[in-house]
Amino acid sequence: MNNLWQYRVRNLFSATIIALSFLIVGVFFSLSNNLQFLASQLAENMVVAFFLNPGISAREQARIEEAVKASPGVAHVNFVSREEALARFQKSFPELEDILKNLGSNPFPASYEAVLQKKVFLSEEALGLIEGIKALPGVEDVQFNRDWVKKMQSLSRLARAIGFFLGGILILASFFIISNVIRLNVFARKNEIEILRLVGATNTFIRLPFLLEGLTLGVLGSALSLALLYILIKLFPLYLGQSLGVLQEFINLRYLSLSQCIGLVIGSALMGLLGSLSSLSRFLKI
Amino acid sequence: MPASSRSSGLGATFENIVMIELYHISKQYQEGQWALLDINLHIKKGEFWFITGPSGSGKTTLLKIIFREILPTRGQIVIDGINILRLPDHKIWKLRRSMGIVFQDFRLLFHKKVFDNVAIGLYVLGIPVKEIRRRVFNALRLVNLHQKMWEYPSHLSYGEQQRVAIARAVVNEPQILLADEPTGNLDPELAFEIISVFKEINRQGKTVLICSHDKELIRHFGDKILFLFKGKIIGKEVQPFSRK
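Going down the list, the protein sequences come from chains A and B. Just so we're aligned: 192 in numbering that gives the first Met the number 0 is position 193 of the first sequence, and the numbers increase by one with no gaps anywhere. Just so we're aligned: 115 in numbering that gives the first Met the number 0 is position 116 of the second sequence, and the numbers increase by one with no gaps anywhere.
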């Protein structure tokens with residue numbers, strides 16, 4: 000600790016660089032968490048809507064209803080009439096009332112809403128079910144949230160991959176920074192090391208303080224990055240304001256999970272330790 | 000490193016245990032140039048030796064070989080019964096703990112107080128703080144600097160700084176004390192004072208080896224003198240009894 004304090008400017012600088020590197024990793028992980036959360040929310044609404052042709056015959060409708068109900072994996076089925084669909088729209092978007100009035104007639108088709116079982120929703124079985132019913136006469140269109148869920152999930156994976164990629168590069172840079180800071184510290188304490196060797200200090204005794212310094216810098220850097228990330232997450236929505244409406248949810252970053260935080264700190268500590276070790280093996284010949 | 004338990008406390012030439020044995024030691028830094036050539040020397044426990052000779056005669060090289068800072072090109076060295084050339088690098092600390100080393104340039108840590116400079120040899124041994132305080136105080140009292148324990152070395156005179164370095168070298172009670180031109184930077188009066196301290200340490204049974212080219216000092220204090228010239232021993236002078 001004394002040694003860290005003695006070269007505080009240099010050490011603080013390197014801890015800040017490490018913190019910024021880990022902050023970028025943190026932001027992407029947070030974004031990924033957010034998309035994952037949205038995907039899981041969408042997945043909770045496990046509904047397939049089969050829109051019916053306006054000119055459908057009663058026989059065709061009955062066949063469709065029968066087919067939907069008989070499908071394995073369907074928990075239950077709701078029929079939404081054209082009037083009900085219109086009422087839902089009016090309730091959800093009262094500001095668009097004028098457009099509807101101008102249209103003069105009800106533009107919404109009737110539909111069957113099939114609520115799927117969770118295991119079916121995320122499996123390929125659901126696609127087969129939909130294709131089978133879509134082929135029946137009288138089905139005009141199918142709306143299935145799963146595509147959105149999948150899009151969200153792949154976006155989340157993309158954010159995480161970018162996080163790993165950028166993070167990897169920046170963490171490597173941090174590794175070299177720590178390695179160089181320890182090298183400078185070794186040079187700065189050359190006399191002390193020399194004297195320690197002469198008075199019979201073991202290699203471990205001489206190396207340990209440097210290893211602890213690397214470890215502390217790593218932990219300090221990651222702790223600082225977690226604090227910065229927290230501030231960023233709290234300030235970001237305030238900065239953007241409420242004007243984004245629906246998009247607000249995309250921007251509302253979520254903080255890292257406990258396991259992610261612990262992983263970040265452990266990873267950073269490990270990087271500090273390795274950076275220090277690599278420097279000692281090159282510059283501290285005992 | 001097993002230290003002999005038979006310490007007389009009366010000093011030089013009292014015991015017959017051989018502490019340092021050099022067999023045909025040669026050192027070559029560059030092709031064709033021998034820094035040391037075929038040095039044979041046996042130093043007994045409790046003896047006080049001066050190694051002297053002009054610059055470049057090999058005094059410092061000889062000392063460095065004894066504390067295994069460098070390896071000889073040829074020959075063997077036995078310290079307190081152990082062939083130190085067979086000691087692996089990661090075990091050198093064992094040899095160093097049996098020795099105290101003093102340099103011409105003191106090698107003090109100027110950002111640490113006198114106490115910490117002396118205590119550094121005890122920190123590495125993992126000795127309890129209370130015991131460290133006691134031993135540091137005793138070592139500083141030996142060199143008559145216990146009053147300045149909490150000062151920084153930069154506030155001390157050159158002579159005092161060298162005495163701090165001596166206190167550091169003896170604080171862990173080593174069997175052997177090596178000094179490379181310990182009075183090189185000091186005026187004659189201070190030089191006499193410093194060698195008197197080494198003599199006092201020698202009287203406590205420690206083996207002392209001092210490299211110096213100060214003829215006046217050697218004439219005054221030298222019991223046993225090794226003369227080196229161009230890496231070779233050109234003479235030895237051994238007094239039967241210790242001088243002051």
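Everything labelled a hint here was simulated from the structure, so no lab data went into it. For clarity, every value in this text was computed on a predicted model and none was experimentally measured. Among the hints, erroneous ones may be present.
[To be verified] Here are the computed lysine to any residue pairs in the SDA-like style, where the Cα-Cα straight-line distance is at most 20 Å: (1) A:LYS189 with B:ASN39; (2) A:LYS189 with B:ARG106; (3) B:LYS112 with A:CYS260; (4) A:LYS189 with B:ARG140; (5) B:LYS111 with A:CYS260; (6) B:LYS63 with A:LYS68; (7) B:LYS111 with A:GLN5; (8) A:LYS68 with A:PHE143; (9) A:LYS189 with B:SER153; (10) B:LYS90 with A:ILE192; (11) B:LYS93 with A:ASN202; (12) A:LYS233 with A:CYS260; (13) B:LYS112 with A:PHE143.
[Claimed, not checked] Over 12 Å on every C-beta distance to chain B, these chain A residues come out as not near it, computed from the model: (14) SER104; (15) LEU154; (16) LEU195; (17) SER258.
We put the beta carbon where it would ideally sit given N, CA and C, even for glycine.
Could you work out which of the previously given hints the structure breaks and list their numbers from low to high? 1, 3, 4, 5, 6, 13 and 16
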